[in-house]
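Read off the chains here:
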Amino acid sequence: MPIAKRPPANFSALRYGVFSLLGFIVLWWLSAKLAASPQLLPSPGKVIAVTWQQILNGEMPRNVGITLLRVLAAFGLAMAIGSAGGYLAGRSPRANALMNPWLIITLNLPVLVVIILAFIWIGLNEAAAVLAVVIAKIPTVMVTVREGAQALDPGLDEVAVIYQLPQLRRLRRIVLPQLAPYLAAAGRSGLSITWKIVLIVELMGRPNGVGFELNVFFQAFDVAGVLAYGFSFAAIMLLIETAILQPWERHVNAWRRNA
Amino acid sequence: MPGDETLEVQINAKAFPASDGSKRPVLRDVAFSAGMGLILAFFGPSGMGKSTILRIAAGLDADFEGFVRRPPGRLGMMFQEPRLAPWLSVADNIRLVATKGAPAPDIPGLLEEVGLRGASERWPRELSLGMARRVALARALTVAPDMLVLDEPFASLDPQLSAGLAAIVRARASRMRTLVLLASHELDQALAIADRILILSGEPATLGADLSVPRGEGASAIARLRGDLLSRFHFLNVQGNPITTESEVQASVHPGP
Chain E
1 MPIAKRPPAN
11 FSALRYGVFS
21 LLGFIVLWWL
31 SAKLAASPQL
41 LPSPGKVIAV
51 TWQQILNGEM
61 PRNVGITLLR
71 VLAAFGLAMA
81 IGSAGGYLAG
91 RSPRANALMN
101 PWLIITLNLP
111 VLVVIILAFI
121 WIGLNEAAAV
131 LAVVIAKIPT
141 VMVTVREGAQ
151 ALDPGLDEVA
161 VIYQLPQLRR
171 LRRIVLPQLA
181 PYLAAAGRSG
191 LSITWKIVLI
201 VELMGRPNGV
211 GFELNVFFQA
221 FDVAGVLAYG
231 FSFAAIMLLI
241 ETAILQPWER
251 HVNAWRRNA
Chain X
1 MPGDETLEVQ
11 INAKAFPASD
21 GSKRPVLRDV
31 AFSAGMGLIL
41 AFFGPSGMGK
51 STILRIAAGL
61 DADFEGFVRR
71 PPGRLGMMFQ
81 EPRLAPWLSV
91 ADNIRLVATK
101 GAPAPDIPGL
111 LEEVGLRGAS
121 ERWPRELSLG
131 MARRVALARA
141 LTVAPDMLVL
151 DEPFASLDPQ
161 LSAGLAAIVR
171 ARASRMRTLV
181 LLASHELDQA
191 LAIADRILIL
201 SGEPATLGAD
211 LSVPRGEGAS
221 AIARLRGDLL
231 SRFHFLNVQG
241 NPITTESEVQ
251 ASVHPGP
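In the order they appear, the protein sequences are chains E and X.
Be aware that the first sequence starts at 1, since it is given in this note's numbering, and climbs by one per residue.
Be aware that the second sequence starts at 1, since it is given in this note's numbering, and climbs by one per residue.
Extracted from the complex, chain E is given alone in its bound form (with noise of 0.2 Å):
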């Protein structure tokens, strides 16, 4: 197998970044240009209008406002079990042995089914919604941490119990260090999927949010609107996850690199 080129020195990732983005920009253009339906496919500066407009009358602010909450809620519900649930099963053969089951169980029942049965048994609440994208997110949170506990280092557990370590010491400069890695993939594979359901949620049951906005865009056919909301929607949990994710894990994967 070949082995992968360094990149030279000058290399730029961020100047690819941009000239991919700018010509992905500049092949929509020329395809709403070539397919001369603004209805079907708008320009870009169609949907740039409709997203400034969106914003001067607040309505674009006040639903990705909602929709974030919504996120962020679910997420940090889905990470704090999913987190507790993983290290358990990961910690304890014994744990593993009885989740597991649930875990392939809920890992493949459809994200759909979850929600509807969420907002037939619950109610078409906020509740319902959260609890449904909970549901739905904890399974991979799980898998993903139970894989770093069950990595940890025995080596460091056994200095651990010889300096009687204090728990929450173990945890803080032993455990977490360790699982570190994999509370970024899971919190960055996580994010990103629990806004997409967090959208299936609103669309089937909210009268507010992003995912209520696109359904009502959807049932006008306009597809300006659409693209409107979706793209930013998309930048925000982009600048979320380059902000403050991907710093994050940067951070505490510093150790790893060269000296």
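Everything hinted at is true.
Facing chain E, according to a computed beta carbon distance under 8 Å, are these residues of chain X, among others:
1) ALA85
2) PRO86
3) LEU96
4) VAL97
5) VAL143
Partial chain X-side listing against chain E, Cβ under 7 Å, derived:
6) LEU60
7) LEU75
8) MET77
9) ARG83
10) LYS100
Across the chosen pairs, the derived CB separations fall in these ranges:
11) E:PRO93 <-> X:GLU203: 24 to 34 Å
12) X:GLY227 <-> E:LEU171: 50 to 60 Å
13) E:TRP248 <-> X:GLY130: 30 to 40 Å
Hint data in this document are derived by calculation from the structure and do not stem from the laboratory.
Bear in mind that the values here come from a model prediction, so they are computed numbers and not experimental data.
Beta carbons: idealized from backbone N, C-alpha and C, even for Gly.
Place chain X on chain E using the hints.
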């Protein structure tokens, strides 16, 4: 009857699971006791069960027939591998085990003691194996242990350095009445540091000898003990040839005729 400040270990049998599902016995009838301030060296070739005895004595392995009574107080241990947390600096690795509520450890002083002055802020990956092992020793000393367990403490160290660390351990043992258990496969190193030397032999291993090192009687008395050991046991090198020279012993030990 031994008092509270005595370590008592009795291993009637210890076995490890074999690949075919059976149990492979590694130790039988290993019994010893020791009071505070003594240094006990377990001597025998690799794979004889020295580390297993240390792990049992330290309470890390409870899967054996017999019992262990440890003196009360803190435990320090230097494993065969340094076992440093790679995401913590050298100083933080030492600080990690510091006793809650106790005064902050004198990390520069400890590092100087083990010959690593100025290494506080280095990462474990920047250290050689020998240096990392010395950090592990500093970590063990930082808790002022009542019982110190050292598994092959002087491996990967040059003779001068290992003599220096042996002196530190001896000084700690006598000054703070620390009970030290150490494993070594090098006879001369074991003789240089220990008050008692326990020789493992046979298969499964048992105690072939438990001898006091005449520490206060000068070098000639220790040399006589060494000669006695060489005459009572067949020391074989890793090629299986008898060792009769003054070189350090990488030995297999078998009961004498």
